[in-house]
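Trainee: Here is what each chain is made of, one letter per residue.
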Amino acid sequence: MLNIKDLKASIEDKQIIKGLDLSINKGEVHALMGPNGSGKSTLSYVLSGKEGYEIDSGSVDFKGKNLLELDVDERSNEGLFLAFQYPMEIPGVQTSFFLKTAINAKRKYQGLEEIDALEFAKLVKSKAEELSISPDMLKRDLNVNYSGGEKKKQEILQMSLLNPEMAILDETDSGLDIDALRIVSEGVNKLRNENNSFLVITHYQRLLNYIKPDFVHIIADGKIVKSGNFSLALELEEKGYEEISKTA
Amino acid sequence: MAATEQTIKQVNNLGNNDYKYGFSTEIDDIKSPKGLNEDTVKFISAQKNEPEWMLEWRLNAFKVFNKLPEPNWAKLNIPKINFQDYYYYSSPKSLKDKPKSLDEIDPDILKTYEKLGIPLQEQKLLSGVAVDAVFDSVSVATTYKKQLSDLGIIFCSISEAIKTYPDLIKKYLGSVIPVSDHSFAALNSAVFTDGSFVYIPEGVKCPVELSTYFRINAINTGQFERTLIIADKDSYVSYLEGCTAPMRDENQLHAANVELIALENAEIKYSTVQNWYPGDSEGKGGIYNFVTKRGACRGNNSKISWTQVETGSAITWKYPSCILQGDNSKGEFYSVAITNNKQQADTGTKMIHLGKNTSSKIISKGISAGYANNTYRGLVNIHSKASNSRNFTQCDSLLIGNKCGAHTVPYIESSNSDSMIEHEATTSKINEDQLFYCMQRGLNSEDAVGLIVNGFCKEVLQHLPMEFAVEAQKLVAISLEGSVG
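Protein sequences, first through last, are from chains B and F.
First residue of the first sequence: 1, per the working numbering; consecutive thereafter.
First residue of the second sequence: 249, per the working numbering; consecutive thereafter.
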């Protein structure tokens with residue numbers, strides 16, 4: 001699915017990702033854990049193609065394609081989804097309209113007709129209910145005056161509507177209370193299947209109690225320093241980043 | 249490929265032939281001799297078989313025009329206009345004898361409308377919009393006439409009104425925009441060719457949105473529409489105006505006058521979507537749009553509301569205004585002005601408060617991209633007798649790129665102490681993070697810009713009638729194509 005080889009990337013001439021290797025297969029959930037400033041969010045931006053990030057060397061293969069050559073929207077339409085740590089507010093754009101626009105952008109890319117209005121309404125209603133998102137919220141402007149928890153639920157709603165093959169969740173657990181965390185995690189777990197993959201970026205093991213990863217990686221100073229299974233997350237919680245990095 | 253890189257590529261791909269409506273229909277036409285003098289005025293009046301009093305009115309206006317300097321206070325760079333270099337009248341020949349129905353209309357003209365997405369035949373049947381279509385200078389089709397006339401509503405070309413309703417014309421024409429107001433107003437009064445006339449009788453709420461489509465067609469034909477709308481006591485009317493023009497290399501002069509009169513308890517809603525040819529990316533060609541639009545709230549409790557979406561023209565000079573004479577009368581101005589490439593716009597409104605308890609609201613959204621300049625210029629004037637009056641103004645500017653400009657020039661004058669005026673203004677650049685967010689959801693860069701800008705304009709666009717809102721949203725996106733960076 002996703003194959004990152006010796007990736008080095010900089011922002012404003014400062015190298016943040018310093019030779020990172022990561023391979024994610026179909027149906028796998030990987031967790032990426034690390035302290036502040038270790039390059040977690042940078043990796044998510046580099047993979048999704050945000051402007052301002054320079055690739056110094058290395059390669060990223062996504063479903064057999066050179067991901068780094070694709071535009072931001074092409075990466076999305078090819079099935080790469082980023083759940084933002086800080087979702088953007090878009091004033092004046094109704095949430096449901098945005099959802100429909102995004103769905104239709106993908107359908108157009110796939111050579112499909114625009115989604116039927118009734119079908120769309122049904123689809124959004126059922127997905128929103130699963131995430132305890134009120135119909136009222138869909139009528140409001142996208143992310144404007146949303147609470148932190150509402151914004152994160154909105155990200156998961158968008159993810160479930162676009163049904164990506166590769167989803168990156170960038171600190172989706174930050175700012176969530178325990179109920180919201182459970183709802184968001186259940187949303188993710190419902191989407192999990194043998195054909196898609198997840199990269200879950202987080203500081204804390206807490207989220208991983210809900211979204212059980214197949215693999216856990218620890219990133220420090222732009223490199224993966226240790227990989228293992230779920231028990232690594234537990235070990236990390238106990239010992240802290242510093243000690244784990246030392247033993248790496 | 250990064251977004252900017254992609255944009256540069258897109259901009260380079262933009263040739264000179266991108267204007268969707270840049271085509272012209274080959275139709276034999278009758279032109280007045282080139283140039284402007286008394287004979288031109290007489291020629292136009294004669295072509296239209298006008299009564300003597302109308303010709304005199306025009307000739308007087310022409311005298312006034314010769315004495316007035318061109319207005320020069322706007323933040324616009326206007327090349328010197330050679331008024332002798334234009335044709336002032338052109339009429340498709342096949343329309344010399346006015347058609348009685350759509351079937352009689354030149355198929356070429358109908359085809360032109362189709363390309364513009366205005367299939368008259370269909371519109372007549374489906375849309376519920378009565379269309380008074382202006383092709384060049386002569387009204388070619390008027391639909392829904394009977395339904396309207398049963399209610400006593402008059403909706404016809406101004407040429408027809410001059411002949412059929414001389415009393416109304418004599419009473420109201422030039423009563424809101426005096427001939428001597430400024431040189432473009434005087435010029436229009438001298439050489440206006442056609443336009444719409446609407447009269448809504450006392451107590452009648454017009455059941456359909458009245459609509460007209462203007463289109464400049466013949467080469468070098470200045471077009472001078474004249475529109476007059478009168479809403480008698482307790483009446484209501486909503487009027488839509490939309491325009492597109494074929495591509496031209498030489499600049500085309502356009503100076504319309506629109507007058508609205510609302511009597512006691514009457515309401516007029518006037519909406520415009522303007523997408524005339526803006527010139528190419530180097531600023532060559534394009535329409536000069538010098539429009540005077542003014543409404544008078546003559547009666548107590550009357551209301552006039554202007555909504556405009558201005559995306560076209562090389563130069564836009566336009567200030568739809570309200571004179572709030574009646575007590576408790578209301579004026580509104582909702583505006584979206586988009587300038588891209590080398591377009592210039594200086595637009596805004598004047599709210600003149602004369603009656604007691606009058607109120608006005610101004611919402612202006614200016615979007616500037618490329619090398620364009622966009623100015624909001626507005627006047628709020630509260631007269632000493634207009635006690636207890638209110639104004640609220642909000643001007644927001646959005647910049648796309650760093651070679652364009654946005655300017656806000658509000659004039660606020662209050663001559664009494666119990667009135668309240670509020671003014672809010674913001675200027676911002678389009679947010680890269682918002683663009684990235686939208687593109688991560690699969691939207692290409694232009695759709696992302698269109699979406700964000702439409703959100704920015706929502707407060708204004710939602711005041712447009714449904715028929716226009718969708719078209720306007722598309723237009724907002726189309727006019728900013730190739731502007732991200």
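Hint data in this document are derived by calculation from the structure and do not stem from the laboratory.
Check before you lean on any hint, since a few could be wrong.
[Stated by the list, open to error] Think about it this way: if two alpha-carbon atoms lie no more than 27 Å apart in a straight line, the pair counts; the simulated DSS-like pairs of lysine-lysine are:
{"no.": "1", "chain 1": "F", "residue 1": "K706", "chain 2": "B", "residue 2": "K151"}
{"no.": "2", "chain 1": "B", "residue 1": "K100", "chain 2": "B", "residue 2": "K127"}
{"no.": "3", "chain 1": "B", "residue 1": "K100", "chain 2": "B", "residue 2": "K8"}
{"no.": "4", "chain 1": "B", "residue 1": "K108", "chain 2": "F", "residue 2": "K722"}
Trainee: Could you run down the list of hints and mark each one as holding or not?
Mentor: These are the hints, each one checked on the structure:
The straight-line distance between the Cα atoms of K706(F) and K151(B) is roughly 22 Å, inside the 27 Å bound, and the hint therefore holds. This hinted pair checks out: K100(B) and K127(B) have alpha carbons roughly 13 Å apart, not beyond 27 Å. The straight-line distance between the Cα atoms of K100(B) and K8(B) is roughly 36 Å, outside the 27 Å bound, and the hint therefore fails. Between the alpha carbons of K108(B) and K722(F) the distance comes to roughly 17 Å, so the proposed pair stays at or under 27 Å and holds.
Hint 3 from the earlier list is the only one contradicted by this structure; the remaining hints agree with it.
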